[in-house]
Amino acid sequence: MTGGHRFWPSVTKAMLWAFLCAMGLLVIYPLFWMGLGGFKSNSQIFSDPFALPESWSFANYLTAWQATQGYMVSSLLVTLISTLTTVTISAWTAFGLTRTEIPGKPLVVGIVLGGMMLSPTVALVPLVRMLQDYGIYDTHAALILLYTAFRVPFTTFLIRAYMLDLPRDLDEAAMMDGASPGQIFRKVILPLCQPILISCVVLHILFAWNEYLFAMIFTNSPGVQTLPVGLTSMMSKQGTNFAAVFAAMTISALPIVIIFFLTQRYFIRGLTQGIGK
Amino acid sequence: MANLTLRAVRKSYGTMPVLHGIDLDIAEGEFVAFVGPSGCGKSTLLRCIAGLEDISSGELRIGDIVMNHVAPAERGIAMVFQSYALYPHMTVFENMAFGLRIAGRPKAEITARVHAAAEKLQLVPYLDRPPRALSGGQRQRVAIGRAIVRDPQVFLFDEPLSNLDAALRAATRVEIARLKKSMPGTTMIYVTHDQVEAMTLADRIVVLRGGHIEQVGRPIELYRNPANLFVAGFIGSPAMNVLPARVEHAGERSVFRLADEALLHLPLQMSESEVGRAVYLGIRPEDLRLAAEADEPLLQGRILLIEHLGEVQILHVDVGAAKETPLLVKVPGTTQLDENMTVVLAADPDSVRLFDAEGIAMRTLRAESVGC
Numbered sequence: 001m002t003g004g005h006r007f008w009p010s011v012t013k014a015m016l017w018a019f020l021c022a023m024g025l026l027v028i029y030p031l032f033w034m035g036l037g038g039f040k041s042n043s044q045i046f047s048d049p050f051a052l053p054e055s056w057s058f059a060n061y062l063t064a065w066q067a068t069q070g071y072m073v074s075s076l077l078v079t080l081i082s083t084l085t086t087v088t089i090s091a092w093t094a095f096g097l098t099r100t101e102i103p104g105k106p107l108v109v110g111i112v113l114g115g116m117m118l119s120p121t122v123a124l125v126p127l128v129r130m131l132q133d134y135g136i137y138d139t140h141a142a143l144i145l146l147y148t149a150f151r152v153p154f155t156t157f158l159i160r161a162y163m164l165d166l167p168r169d170l171d172e173a174a175m176m177d178g179a180s181p182g183q184i185f186r187k188v189i190l191p192l193c194q195p196i197l198i199s200c201v202v203l204h205i206l207f208a209w210n211e212y213l214f215a216m217i218f219t220n221s222p223g224v225q226t227l228p229v230g231l232t233s234m235m236s237k238q239g240t241n242f243a244a245v246f247a248a249m250t251i252s253a254l255p256i257v258i259i260f261f262l263t264q265r266y267f268i269r270g271l272t273q274g275i276g277k
Numbered sequence: 001m002a003n004l005t006l007r008a009v010r011k012s013y014g015t016m017p018v019l020h021g022i023d024l025d026i027a028e029g030e031f032v033a034f035v036g037p038s039g040c041g042k043s044t045l046l047r048c049i050a051g052l053e054d055i056s057s058g059e060l061r062i063g064d065i066v067m068n069h070v071a072p073a074e075r076g077i078a079m080v081f082q083s084y085a086l087y088p089h090m091t092v093f094e095n096m097a098f099g100l101r102i103a104g105r106p107k108a109e110i111t112a113r114v115h116a117a118a119e120k121l122q123l124v125p126y127l128d129r130p131p132r133a134l135s136g137g138q139r140q141r142v143a144i145g146r147a148i149v150r151d152p153q154v155f156l157f158d159e160p161l162s163n164l165d166a167a168l169r170a171a172t173r174v175e176i177a178r179l180k181k182s183m184p185g186t187t188m189i190y191v192t193h194d195q196v197e198a199m200t201l202a203d204r205i206v207v208l209r210g211g212h213i214e215q216v217g218r219p220i221e222l223y224r225n226p227a228n229l230f231v232a233g234f235i236g237s238p239a240m241n242v243l244p245a246r247v248e249h250a251g252e253r254s255v256f257r258l259a260d261e262a263l264l265h266l267p268l269q270m271s272e273s274e275v276g277r278a279v280y281l282g283i284r285p286e287d288l289r290l291a292a293e294a295d296e297p298l299l300q301g302r303i304l305l306i307e308h309l310g311e312v313q314i315l316h317v318d319v320g321a322a323k324e325t326p327l328l329v330k331v332p333g334t335t336q337l338d339e340n341m342t343v344v345l346a347a348d349p350d351s352v353r354l355f356d357a358e359g360i361a362m363r364t365l366r367a368e369s370v371g372c
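Line by line, the protein sequences are chains A and B. Just so it is clear: in the first sequence, position 7 is 7 by the UniProt record's numbering, and no numbers are missing. Just so it is clear: in the second sequence, position 93 is 93 by the UniProt record's numbering, and no numbers are missing.
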């Protein structure tokens with residue numbers, strides 16, 4: 001009896017491990033294969049797609065780096081500024097929606113969060129007209145503005161859920177201490193929201209770094225275009241040089257992978273604390 | 001001057017009234033406790049005084065200044081919250097210094113004031129720690145310290161001990177009493193549902209029910225002369241025994257008929273017009289005793305249950321149809337008694353309270369013998 005009691009939990013555990021390893025492999029292998037492809041020659045990619053590179057040459061990565069440098073700078077600029085604007089605006093909005101008395105508050109919350117339902121594709125034509133009217137078509141500002149506008153509702157939704165769980169006593173204690181609403185926000189609420197803010201920063205970086213539709217429609221000049229558009233144009237230019245394309249894709253994915261691994265602990269804590277309760 | 005005056009203070013949430021016109025005067029340096037059951041409005045009243053809730057109508061004065069529309073921080077008030085409300089991302093020092101920093105006080109003054117308060121509350125070794133590294137009692141002391149450094153005219157406590165275990169609660173209660181002694185000019189208002197805290201700490205107790213003040217008075221006054229059955233039941237543990245009765249005969253010694261037809265002769269003069277009137281007799285459990293030979297017996301009954309509390313024991317005595325719930329009697333813990341034993345009870349007539357059919361106190365009985 002005792003042996004049976006030990007046997008089945010061990011088997012279940014082993015099966016779970018096997019399943020998780022298989023899932024991990026399924027996700028990691030394509031990335032790994034892409035990274036390895038960057039070290040191979042173009043002919044080896046076709047002749048021996050699953051083998052290790054014959055020689056570990058960085059030539060393809062160098063070519064790819066030179067070809068994507070400009071796009072990388074654009075992506076960095078747009079991602080960093082839009083992350084800052086999105087998270088700042090969303091945190092202020094969430095504070096207003098959770099901590100102040102507004103007439104018709106449920107309606108205001110509905111309107112702000114309703115923005116999540118707005119499809120970017122539907123808005124494309126009016127947005128082209130609008131950005132042309134503002135004179136910011138084909139500029140970094142256009143992408144920063146759109147990324148901010150389209151991500152504020154979702155980011156507000158996440159931060160608001162987190163703020164709702166923070167005890168009101170803290171606001172009231174700060175109020176008794178003489179803090180203004182702005183000071184309560186900056187000195188008490190914002191530091192306590194650190195986990196969800198990190199999650200929102202990571203989510204926004206993921207979005208802005210990989211966004212393709214707006215970047216393709218609202219930018220034309222190579223100096224303004226971001227990495228996803230740059231990669232497509234590189235593919236059309238060097239369509240036959242898959243090794244260089246793989247190297248470029250690896251370079252573009254690397255920052256996101258690094259950021260995610262560095263912040264993964266806070267990222268998960270932020271999301272679970274905010275919505276899980 | 002830190003005396004408080006409340007005149008016809010009302011508070012409603014939408015159409016739901018919570019406070020129904022509170023009139024109260026609190027003198028400078030007084031320690032007043034607000035007590036009452038859950039939902040009676042005691043915390044709301046405290047929050048109105050703090051400025052965390054707007055007053056719907058009426059007037060609140062601190063000293064000579066009307067405070068209805070003055071911001072909480074400008075009322076000269078500090079508050080200790082039930083949950084402590086310490087800022088988790090700050091150290092103990094930063095928590096205590098927060099208000100002074102917001103007020104833009106010089107660094108040297110902030111350090112001096114925080115250290116003075118920390119010494120008073122034995123918090124100096126913990127100044128660099130975050131609140132999560134402190135015990136419940138230490139956190140409570142930090143919350144008090146944060147209030148002290150602001151040097152308030154009025155201290156508000158919102159059920160400050162309710163999150164502590166019984167031993168720590170007793171110790172912190174003593175600390176609060178000591179704190180009050182060290183700040184004789186500071187007015188303190190203390191909200192609690194624990195009557196022991198109110199009885200031991202307060203100069204005066206305000207008993208609230210359903211947004212109304214039922215009675216205000218010194219603890220012993222409320223205990224000995226409750227204004228009505230609610231206060232009689234709320235103050236004192238175990239609660240006062242209440243016996244429904246009817247005036248049977250008026251005279252020098254009036255006769256009261258209990259529900260089980262037993263007659264009680266009490267030394268109380270009542271008029272002929274009061275014959276037949278329904279009344280309630282109130283007797284505290286500690287005022288009842290097992291009748292000795294010299295005593296006039298009051299009631300007789302069977303012991304249903306004995307609660308041994310060590311020093312004393314609480315008897316649950318079934319006195320028949322005179323009362324639906326058993327009569328509670330507090331007797332010394334050394335008395336040898338068994339369940340199902342029949343006992344004869346006596347009481348000092350001074351201790352018997354009389355209430356009318358609406359539960360309002362009528363008069364105190366004269367000190368004479370009570371007989372059956």
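Rather than coming from a laboratory, the hints here were simulated on the basis of the structure. Idealized CB from N, CA, C, for every residue including glycine. A few of these clues could be false.
[To be verified] Pulled from the structure, derived: some chain A residues nowhere near chain B, Cβ distances all over 10 Å: (1) G70; (2) V125; (3) M176; (4) F242; (5) L262; (6) R269.
[What the hints assert, rightly or not] List of simulated lysine-lysine pairs, BS3-like, C-alpha gap at most 30 Å: (7) K107(B) to K120(B); (8) K180(B) to K120(B); (9) K237(A) to K105(A); (10) K120(B) to K187(A); (11) K120(B) to K181(B); (12) K187(A) to K107(B).
Comparing the hints with the structure gives:
1. Once the 10 Å rule is applied to beta carbons, G70(A) is consistent with being away from chain B; the minimum gap is 41 Å.
2. No Cβ of chain B comes within 10 Å of the Cβ of V125(A); the nearest lies about 46 Å off, and the non-interface call holds.
3. Non-interface status of M176(A) relative to chain B is broken: a Cβ of that chain comes within 10 Å, the nearest being about 5 Å off.
4. Even its closest Cβ contact with chain B, about 50 Å, leaves F242(A) beyond 10 Å, as expected for a residue assigned away from the interface.
5. Every CB of chain B lies more than 10 Å from the CB of L262(A), the least distance being 21 Å, so the non-interface label holds.
6. With a closest Cβ-Cβ approach of about 14 Å to chain B, R269(A) is found to remain outside the 10 Å limit, as its non-interface label requires.
7. A C-alpha spacing of about 20 Å is found between K107(B) and K120(B), which places the hinted pair at or below 30 Å, so the restraint holds.
8. With a CA separation close to 12 Å, the supplied pair K180(B) and K120(B) stays within the 30 Å bound.
9. Between the alpha carbons of K237(A) and K105(A) the distance comes to roughly 53 Å, so the proposed pair goes past 30 Å and is violated.
10. With a CA separation close to 27 Å, the supplied pair K120(B) and K187(A) stays within the 30 Å bound.
11. Taken as a hint, the K120(B) and K181(B) pair is honoured in the structure, with Cα atoms around 12 Å apart against an allowance of 30 Å.
12. Restraint check for K187(A) and K107(B): satisfied, since their Cα atoms lie roughly 18 Å apart, inside the 30 Å limit.
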